[in-house]
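Start from the sequences, fold in the hints, and give me the full structure.
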Amino acid sequence: MSIAQTLFVAALGLLVLALIAFTGVVVVSARRVDGGAYLTWGLARRVVMSRADRGELNRWAFYAHRISGMAIFAFLALHIVDVSLYSFSRSLYDNVHYLYGTIPVRVLECGLWFAILFHTLNGLRLLVIDVADMGRDTAARVLLGITAFTIAAGIAGSLMILVPGLS
Amino acid sequence: MTAGQHPVGGAVRQPADETPLPAVSIRRHAISYLLVRMTGILLAILVCGHFIIMHFANDVAATNASFIARRWSHGLWIGWDALMLAAALLHGGIGTGAVLADYTAGRRRRVARAGLAALTAALFAYGALVIVRGAGS
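Protein chains in written order, with our numbering: chain A, 2 to 168; chain B, -19 to 117.
I should point out that these hints are in silico values taken from the structure, not numbers from a laboratory.
Check each hint, because a few of them may be wrong.
[Unchecked claim] Across the chosen pairs, the derived CB separations fall in these ranges:
no.: 1; chain 1: A; residue 1: 105; chain 2: B; residue 2: 7; range: 42 to 48 angstroms
no.: 2; chain 1: A; residue 1: 30; chain 2: B; residue 2: 90; range: 28 to 34 angstroms
no.: 3; chain 1: B; residue 1: 66; chain 2: A; residue 2: 30; range: 29 to 35 angstroms
[Claimed, not checked] Short derived list, chain A residues pointing at chain B, Cβ under 8 angstroms:
no.: 4; residue: 26
no.: 5; residue: 67
no.: 6; residue: 79
no.: 7; residue: 81
no.: 8; residue: 91
no.: 9; residue: 97
no.: 10; residue: 101
no.: 11; residue: 110
no.: 12; residue: 121
no.: 13; residue: 145
no.: 14; residue: 150
no.: 15; residue: 152
no.: 16; residue: 158
no.: 17; residue: 160
no.: 18; residue: 165
[As the list claims (entries may be wrong)] Here are some, though not all, of the chain B residues that point toward chain A, as calculated from beta-carbon distances under 7 angstroms:
no.: 19; residue: 17
no.: 20; residue: 24
no.: 21; residue: 25
no.: 22; residue: 29
no.: 23; residue: 35
no.: 24; residue: 36
no.: 25; residue: 39
no.: 26; residue: 44
no.: 27; residue: 57
no.: 28; residue: 67
no.: 29; residue: 75
no.: 30; residue: 76
no.: 31; residue: 101
no.: 32; residue: 103
no.: 33; residue: 110
Cβ coordinates follow ideal geometry from the N, Cα and C atoms, glycine included.
In structure tokens:
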């Protein structure tokens, strides 16, 4: 590996570690501020049992929105730097960009695609909640819908990223 | 979600015995609330479009320097990338500012926010320079 490639891989590794640490911060703060982690087996039962309790899912959407947003922002910072290599030398850009086509980075790209999908759809949901004065039950239903869509489109996109022949 | 909003939705209520937020603070929150949502709508199109073009319409291994050279010979893609750069940094900067406000306080918050503002501004200037140079060559 060239020095530029090593630096890119090191930065990407740091970024993933920082994101894991940030997720820890969000979880610890959730336990302290919001009265504990409710992600237990009982959650499935509560979702099925009561419409009113589905509002709790908004809290999990908030955490997922925050973590996916930080993931995208961190990658954006790295991406601006790696694209900027084009300005210095095209061969240097190609040298680092080659890594995007390797399997480990492709796997991270799949994670990025899931993050972008969820953050986009949930962000639009938050917008519609305010603009259309969407009720709690409808908001929860829409959240389930966008989560299902994120998983479906995320898996389909991941297949296309991991198996280049498909696209 | 902007600062001053509770995760479950709706603005944080001011208890009666607390002094209300000053008008300047309310206006600042209203401006960042609007900016996050307006850039968010833009980014829903720009970022998803960017990802679809770079990963599904093309394979990522094929988007090399000559791909960029061809791309940046069209005004549409120069405009797309410049708008995406500005909108993404504004959106991400405001969002990260709200996140920092939740986990820091006092002097640490001011230092963290100043650092974030400097980083975001530097990334914008650097990225804009790359696009201008790339479009000119």
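Here's how the hints hold up against the structure:
1. The hint said 42 to 48 angstroms for the Cβ distance between residue 105(A) and residue 7(B), and at roughly 46 angstroms that hint holds.
2. Separation of residue 30(A) from residue 90(B) is about 20 angstroms and departs from the stated range, judged on CB atoms against 28 to 34 angstroms.
3. At roughly 31 angstroms, the beta carbons of residue 66(B) and residue 30(A) sit within the given window of 29 to 35 angstroms.
4. A distance limit of 8 angstroms between C-beta atoms decides the matter here; for residue 26(A) the minimum to chain B is near 6 angstroms, and the interface restraint holds.
5. The interface hint given for residue 67(A) holds, since its Cβ lies 6 angstroms from the closest Cβ of chain B, which is under the 8 angstroms cut-off.
6. At its closest, the beta carbon of residue 79(A) sits 10 angstroms from a beta carbon of chain B; the interface hint therefore is violated under the 8 angstroms criterion.
7. For residue 81(A), the suggested interface contact is upheld, since its CB lies about 5 angstroms from the closest CB of chain B, less than 8 angstroms.
8. Residue-level restraint check for residue 91(A) holds (minimum Cβ-Cβ distance to chain B is 4 angstroms; threshold 8 angstroms).
9. Hint status for residue 97(A): violated, given a least beta-carbon distance of 10 angstroms to chain B, over 8 angstroms.
10. With a least beta-carbon distance of about 5 angstroms to chain B, the hint placing residue 101(A) at the interface is held under the 8 angstroms criterion.
11. Residue-level restraint check for residue 110(A) holds (minimum Cβ-Cβ distance to chain B is 7 angstroms; threshold 8 angstroms).
12. A least Cβ separation of about 5 angstroms between residue 121(A) and chain B falls short of the 8 angstroms threshold, and the interface hint therefore holds.
13. Using the Cβ-Cβ criterion of 8 angstroms, the hint placing residue 145(A) at the interface with chain B is not satisfied: the shortest such distance is roughly 16 angstroms.
14. The criterion of a C-beta within 8 angstroms of any C-beta in chain B is not met by residue 150(A), whose closest approach is roughly 13 angstroms, and the hint is violated.
15. The closest approach between the C-beta of residue 152(A) and any C-beta of chain B is roughly 16 angstroms, which is over the 8 angstroms cut-off, so the hint fails.
16. Interface hint at residue 158(A): satisfied, since its Cβ lies 7 angstroms from the closest Cβ of chain B, which is below the 8 angstroms cut-off.
17. Using the Cβ-Cβ criterion of 8 angstroms, the hint placing residue 160(A) at the interface with chain B is not satisfied: the shortest such distance is roughly 10 angstroms.
18. Taken as an interface hint, residue 165(A) checks out: its beta carbon lies about 4 angstroms from the nearest beta carbon of chain B, inside 8 angstroms.
19. Taking 7 angstroms as the C-beta contact cut-off toward chain A, the hint placing residue 17(B) at the interface holds, the least distance being around 6 angstroms.
20. The closest approach between the C-beta of residue 24(B) and any C-beta of chain A is roughly 5 angstroms, which is under the 7 angstroms cut-off, so the hint is satisfied.
21. For residue 25(B), the shortest C-beta to C-beta distance to chain A is roughly 9 angstroms, which exceeds 7 angstroms, and the interface hint is violated.
22. Because the closest C-beta pair between residue 29(B) and chain A is about 11 angstroms apart, greater than 7 angstroms, the hint is violated.
23. Interface restraint check: residue 35(B) against chain A, minimum CB-CB distance 5 angstroms, threshold 7 angstroms, status holds.
24. Below 7 angstroms, beta-carbon pairs count as interface contacts, and residue 36(B) has one with chain A at about 5 angstroms; its hint therefore holds.
25. With its C-beta approaching chain A no nearer than about 4 angstroms, residue 39(B) sits inside the 7 angstroms limit, and its interface hint holds.
26. Annotation: interface hint on residue 44(B) holds; nearest CB of chain A at approximately 5 angstroms, less than 7 angstroms.
27. With a least beta-carbon distance of about 13 angstroms to chain A, the hint placing residue 57(B) at the interface is violated under the 7 angstroms criterion.
28. Checking residue 67(B) against chain A by beta carbon gives a least distance of about 11 angstroms; that is not within 7 angstroms, so the hint is violated.
29. For residue 75(B), the interface hint holds, the least distance from its beta-carbon to any beta-carbon of chain A being 5 angstroms, beneath 7 angstroms.
30. Interface restraint check: residue 76(B) against chain A, minimum CB-CB distance 6 angstroms, threshold 7 angstroms, status holds.
31. Hint on residue 101(B) is violated. Least Cβ distance to chain A is approximately 12 angstroms, over the 7 angstroms limit.
32. This hint holds: residue 103(B) has a C-beta 5 angstroms from the nearest C-beta of chain A, less than the 7 angstroms allowed.
33. For residue 110(B), the shortest C-beta to C-beta distance to chain A is roughly 5 angstroms, which falls under 7 angstroms, so the interface hint holds.
Figure legend: structure checked against the earlier numbered hints; hints not met, in rising order: 2, 6, 9, 13, 14, 15, 17, 21, 22, 27, 28 and 31.
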